[in-house]
Structures are given as structure tokens and as C-alpha cells.
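Listed below are the residues making up each chain.
Protein chains: 2
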Amino acid sequence: MLKQDLKAIIEAADRAITAEDFDRLMDFYAEDATLVVKPGMLARGKPAIRRAFEAIAAHLNHDITVKQGEMTVIDGNDTALVIMETLLQSTDGNGVPTTETRRATYVFRRGESGKWLCVIDNSYGTSLLDVPPAA
Amino acid sequence: MLKQDLKAIIEAADRAITAEDFDRLMDFYAEDATLVVKPGMLARGKPAIRRAFEAIAAHLNHDITVKQGEMTVIDGNDTALVIMETLLQSTDGNGVPTTETRRATYVFRRGESGKWLCVIDNSYGTSLLDVPPAA
Chain F
1 MLKQDLKAII
11 EAADRAITAE
21 DFDRLMDFYA
31 EDATLVVKPG
41 MLARGKPAIR
51 RAFEAIAAHL
61 NHDITVKQGE
71 MTVIDGNDTA
81 LVIMETLLQS
91 TDGNGVPTTE
101 TRRATYVFRR
111 GESGKWLCVI
121 DNSYGTSLLD
131 VPPAA
Chain B
1 MLKQDLKAII
11 EAADRAITAE
21 DFDRLMDFYA
31 EDATLVVKPG
41 MLARGKPAIR
51 RAFEAIAAHL
61 NHDITVKQGE
71 MTVIDGNDTA
81 LVIMETLLQS
91 TDGNGVPTTE
101 TRRATYVFRR
111 GESGKWLCVI
121 DNSYGTSLLD
131 VPPAA
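Chains as they are written, first to last, in this note's numbering: chain F, 1 to 135; chain B, 1 to 135.
No lab work stands behind these hints, which were simulated from the structure alone. Fair warning: there could be bad hints in the mix.
Once the Cα atoms are required to be at most 25 Å apart in a straight line, the calculated DSS-like pairs of lysine-lysine come out as [unchecked claim]:
#: 1; chain 1: F; residue 1: K38; chain 2: B; residue 2: K7
#: 2; chain 1: F; residue 1: K3; chain 2: F; residue 2: K115
#: 3; chain 1: F; residue 1: K115; chain 2: F; residue 2: K46
#: 4; chain 1: B; residue 1: K38; chain 2: B; residue 2: K7
#: 5; chain 1: B; residue 1: K67; chain 2: B; residue 2: K38
#: 6; chain 1: F; residue 1: K7; chain 2: F; residue 2: K115
#: 7; chain 1: B; residue 1: K7; chain 2: B; residue 2: K115
#: 8; chain 1: B; residue 1: K46; chain 2: B; residue 2: K115
#: 9; chain 1: B; residue 1: K67; chain 2: B; residue 2: K7
#: 10; chain 1: B; residue 1: K38; chain 2: F; residue 2: K3
#: 11; chain 1: F; residue 1: K38; chain 2: F; residue 2: K67
#: 12; chain 1: F; residue 1: K38; chain 2: B; residue 2: K3
#: 13; chain 1: B; residue 1: K67; chain 2: F; residue 2: K46
#: 14; chain 1: B; residue 1: K67; chain 2: F; residue 2: K7
#: 15; chain 1: B; residue 1: K3; chain 2: B; residue 2: K67
#: 16; chain 1: F; residue 1: K3; chain 2: F; residue 2: K67
#: 17; chain 1: F; residue 1: K3; chain 2: B; residue 2: K3
#: 18; chain 1: B; residue 1: K7; chain 2: B; residue 2: K46
A few chain F positions that, by computed beta-carbon distances, are all more than 12 Å from chain B [to be verified]:
#: 19; residue: A16
#: 20; residue: D32
#: 21; residue: G40
#: 22; residue: D63
#: 23; residue: G76
#: 24; residue: A80
#: 25; residue: R102
Glycine included, each C-beta is placed from N, C-alpha and C at the ideal position.
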């Protein structure tokens, strides 16, 4: 079932983020995928996405745990929109634990091999409208 | 520019909804697109999407105006995620004007012809997580 398949893929990607296993993490992305690093800042393509995750790991003191909550999947034309509660646990610059919950929107596409790959990774969901769009 | 192109496509689709020109409206969808009719109810494929729009038009007394507000587009791999404020104006069963604002998430794909088609039409955005997911 698609929802369970995508849930397993996303949870495996979360484990790769926590383990800082960026080789493994890149397996989940299409070659020309786009990551919303933060509102107004995009990373396009695997090399840029990898650099962004490396920078995020350093910024969050190499202490990131990502967990997923409620999830809905809508698919059409070998494309799936995943709407998902994402819980981010980390430590700030002063060593204080922080927790942040977002409603993420991820877009996956099924490639010719039948494998689902992430093409748009936007953990900020519709909250992107809260800030002026990037130029 | 992609954002302007998609804005023009969405606004043309809005005009087709108001005019109840469902032939024209179907030109904007991929053959096996999915429409979120309401939380928990999906219409899959053009024939089902067309029937859903006909039912919505009847339900809203043939008086629907759709307008778009703030918009952000993220694209990757010939796929675009549009996050958009959508304003729905209509008349309820008692003839009272109603207005509803949503934050929609639309997924478009560029076909072989280069034309962008809507593959997932989810005007409810991340608010789908507010209700139990469809079985």
C-alpha cells in the first residue's frame, strides 16, 4: 500500500538524518530534487541538498532526531503528495533541548524503475505563505 | 517564469469553474489526476473530477467565484508544488453569501509536450491532517 511504503521510506530517511549518513540519505532524492532549507532558501539538486543537510547538522550540534506523526497521502499520475506532521528534536547553541512540530508537504515521484523518489522536500508546508516569497 | 505561468493557468481554471465550462476546465488536468473534493473524499481521473465539479456547482447554487492570493512555487524534476491562498465566494442554500479562505497545495507536472498539467488538486492543504484520513 502506497501510504505504508512512503511512510517506511520517510522513516528510513529520518534515521539517515539522525545518523548523518548522507550517502544513504541522498538515495531517497531524485537527481534534480529541491529541498526547502528554510523559508526563502532552496537547495536544488543532490550536491546542494547534501551540503544543506551537512550545514543543518553542524548548526544543530550534530543532534537531530526527526519523527513523523499523522500522515495523509494523495496520489495521481505516478506522483504523490505527502502531508505529514514532522517533529524535530535537537539542541540549540546553548545546549538546551528544543522541539519543533511542522506540517510538512513532500512530493514523491515513481521513476521508471518503480522506485519512489522525493522530488520536493518542503517541511514547512503551507506556512511558507507566512513570509515573503523568495525573489 | 514558472510562477507566472502557473498563476496564469490556475486563474484560467478559476474562470472556467465560475463559467461552469467543464470541458475547458478538464484541459488543465492530467488524465489520471486526483482532486480532493473534501477531506476524506477523492475524485480520481478526469471523468470523476468532472462529475465532482458538476456536483459542487449544483451544491453551491451555480454561484462560485474562486480567487487566488499569496502564492509560492517550488519545483524539481519537472514537478511543481504550488502553495496558494484560495478565496472561495459562493451562496449557501439560504441565498446567504459565504466566503472561505484556504491554503491550497497543488501539484503540477510538465508533460512531454512541455505543457504543465495539474496532477493533484488539494485546496485543503495541510488542514487535511485535522480530520481522520480516508480509509
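Checked hints:
{"no.": "1", "hint": "F:K38 to B:K7", "in the structure": "holds, 23 Å"}
{"no.": "2", "hint": "F:K3 to F:K115", "in the structure": "holds, 14 Å"}
{"no.": "3", "hint": "F:K115 to F:K46", "in the structure": "holds, 17 Å"}
{"no.": "4", "hint": "B:K38 to B:K7", "in the structure": "holds, 23 Å"}
{"no.": "5", "hint": "B:K67 to B:K38", "in the structure": "holds, 18 Å"}
{"no.": "6", "hint": "F:K7 to F:K115", "in the structure": "holds, 14 Å"}
{"no.": "7", "hint": "B:K7 to B:K115", "in the structure": "holds, 14 Å"}
{"no.": "8", "hint": "B:K46 to B:K115", "in the structure": "holds, 17 Å"}
{"no.": "9", "hint": "B:K67 to B:K7", "in the structure": "holds, 11 Å"}
{"no.": "10", "hint": "B:K38 to F:K3", "in the structure": "holds, 19 Å"}
{"no.": "11", "hint": "F:K38 to F:K67", "in the structure": "holds, 18 Å"}
{"no.": "12", "hint": "F:K38 to B:K3", "in the structure": "holds, 19 Å"}
{"no.": "13", "hint": "B:K67 to F:K46", "in the structure": "violated, 36 Å"}
{"no.": "14", "hint": "B:K67 to F:K7", "in the structure": "violated, 34 Å"}
{"no.": "15", "hint": "B:K3 to B:K67", "in the structure": "holds, 16 Å"}
{"no.": "16", "hint": "F:K3 to F:K67", "in the structure": "holds, 16 Å"}
{"no.": "17", "hint": "F:K3 to B:K3", "in the structure": "violated, 30 Å"}
{"no.": "18", "hint": "B:K7 to B:K46", "in the structure": "holds, 21 Å"}
{"no.": "19", "hint": "A16", "in the structure": "holds, 19 Å"}
{"no.": "20", "hint": "D32", "in the structure": "violated, 5 Å"}
{"no.": "21", "hint": "G40", "in the structure": "violated, 9 Å"}
{"no.": "22", "hint": "D63", "in the structure": "holds, 27 Å"}
{"no.": "23", "hint": "G76", "in the structure": "violated, 4 Å"}
{"no.": "24", "hint": "A80", "in the structure": "violated, 8 Å"}
{"no.": "25", "hint": "R102", "in the structure": "violated, 9 Å"}
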